[in-house]
Amino acid sequence: MSKVAIVGVGQSAFVRGYPGSIRELAFEGFKEAVGDAQISVSDIGASIVCSAPEYDKQRSPSGVFAEYLGLTPQPTFYLESLCSSTSMGLRMAYSLVKSGLHDVVAVLGFQKMSEISSAESQERMGRGADIQWESPFGTMMPAYYAMFAQAHMEKYGTTLEDMALVRVKSATYGQVNEKALFRKPVALESFSDPEHFMSGAVSSPLRVGDCCANADGSSCLIVASEEKARSFSQTPIWILGLGAASASVNMSGRDLFTGLAVARQAGEQAYKMAGIQPKDVDVAEVHDCFTISEILAYEDLGFASPGEGKDLIKGKETYKEGSIPVNVDGGLLSKGHPIGATGGSQIRTIVLELRGEAGEMQVKDPEIGLVHNIGGVGLYGTVTILGRD
Amino acid sequence: MSKKKEIDDRFKRFGTVSYTSVTKVNDFIDQLDQGKVMGTRCVDCGLVFFPPRADCYKCLASNMEWFAIEGTGKLVTYSKLKFAPIGFEDDLPYSIAVVDYGDYKIFGRIASDIPDEEIQMGMALKTAANKLPNGQLNYVFTKA
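Protein chains in written order, with the working numbering: chain A, 14 to 402; chain B, 8 to 151.
Simulated from the structure, these hints should not be mistaken for lab results. Owing to the predicted nature of the structure, the values given are computational and were not obtained by experimental measurement. Any given hint might turn out to be false.
Stated by the list, open to error - Result set (PhoX-like, lysine-lysine): computed pairs, CA atoms no more than 25 angstroms apart in a straight line:
hint	chain 1	residue 1	chain 2	residue 2
1	B	Lys43	A	Lys168
2	B	Lys112	A	Lys168
3	A	Lys168	B	Lys81
Could you build all of it, start to finish, from the sequences and the hints given here?
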């Protein structure tokens, strides 16, 4: 069976108020990925553009990007699964390459969230849930995840301090990631200081410091067949496992509030396809849109048993030197979360880690990496397992 | 109905801000107006749905009957919002919640007259139709 590789990765810096249009934003991630892959734009046989709609005015951005990036007349199309759009794009690219339809596919993720206000953005995100039956109650992403935090705290005794520790770890690495939005240290004490903005209430029990921030950004992945990958690259990173799942959009259809069923299902699929166990993962990127989300991910991916995720962070096991380093690029909490670009940024980090090119974020000699990317409130989930030669 | 085609957009009355106006379960709004919260049950296979729906995914039939949400459910989880999406600022603060009735769960808001300190996970709650200050309709979870 021929393999499929990622041969190029790129991302823009994740920023507030990007001083350019969406096509110019997309160019930044694309240029870096094409340069990284050391290929020509004409080598790319198709492109998949990924974002969540309604943050900018452009309908059907794939055509605009294809024109701007010189990717016409090759086929291009748009793929959306909210915050998991780019990792779902990678899944689609894998199938296009695996089927033999294309040899090289570009996955372009982007989001320019600064075109609207924060309150408008919360309304857009809230409408990533059930607009007929939930949004009329005034829902937003932090409130939904807060319900999961509430349930987890009640059932397992996870504390506000455990969640704050996730943010402290995130900030440790955000400081060394030159693409991150937040590059300052965060002290645990700031969460208990009522004067500090980190402790500000958003939606109980979540505070400002528990939430990732909107950002503008783009990412790009160049996916290639084994034959092309070997001709392009000294260090192709192979796609070993892919898992994806969906769940009831309305919370009334959920049975689990102490974890995300989609992550568990996608994880099982990806582990099975890769033929590995959770303990075989050397470095992971998980979807820490909120601090509680990272703790749920530890458990949903099998790095910890249900209820014991807090012990991993308390024991610093998910730091760079720990038994399972997680989000050593600062995660969404420090990088910022430009929805459609996030999955590609997570995958980029793992690719760099596996190549040994992650600089100050480098984990010692990883062979297998994992990416956990969630869309909506556990509505869509993907788990991707990558490995080197 | 007059001969001129009228649009049945009753659902625009649901919630502080409704994002849907036309649905096959528009009768839900009249029922709310009469103080009743209703779900649907598939007449063919018996599957119950809340929120109500017009079509059954199990038997692919559209043969539904209404049933009233009665009795109490248990509070599964909740969160109190201190920041609201655009259009909901005047409602702050408010709590969203999931209540489990056994055969189905309900997502909605906790009634604003229940003090925070009385809200406990697992507590019994009722579901009641509610009129909002802006004339819109929703339902809220009230003390059992």
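Results of checking the hints against the structure:
1. Our distance criterion of 25 angstroms between C-alpha atoms is broken by Lys43(B) and Lys168(A), whose separation comes to about 33 angstroms.
2. Taking the CA atoms of Lys112(B) and Lys168(A), the gap is near 19 angstroms; set against the 25 angstroms cutoff, the hint holds.
3. In summary, the hint linking Lys168(A) to Lys81(B) is supported, as the alpha carbons are separated by about 15 angstroms, within the 25 angstroms threshold.
The earlier numbered hint that this structure contradicts is number 1, and it is the only one.
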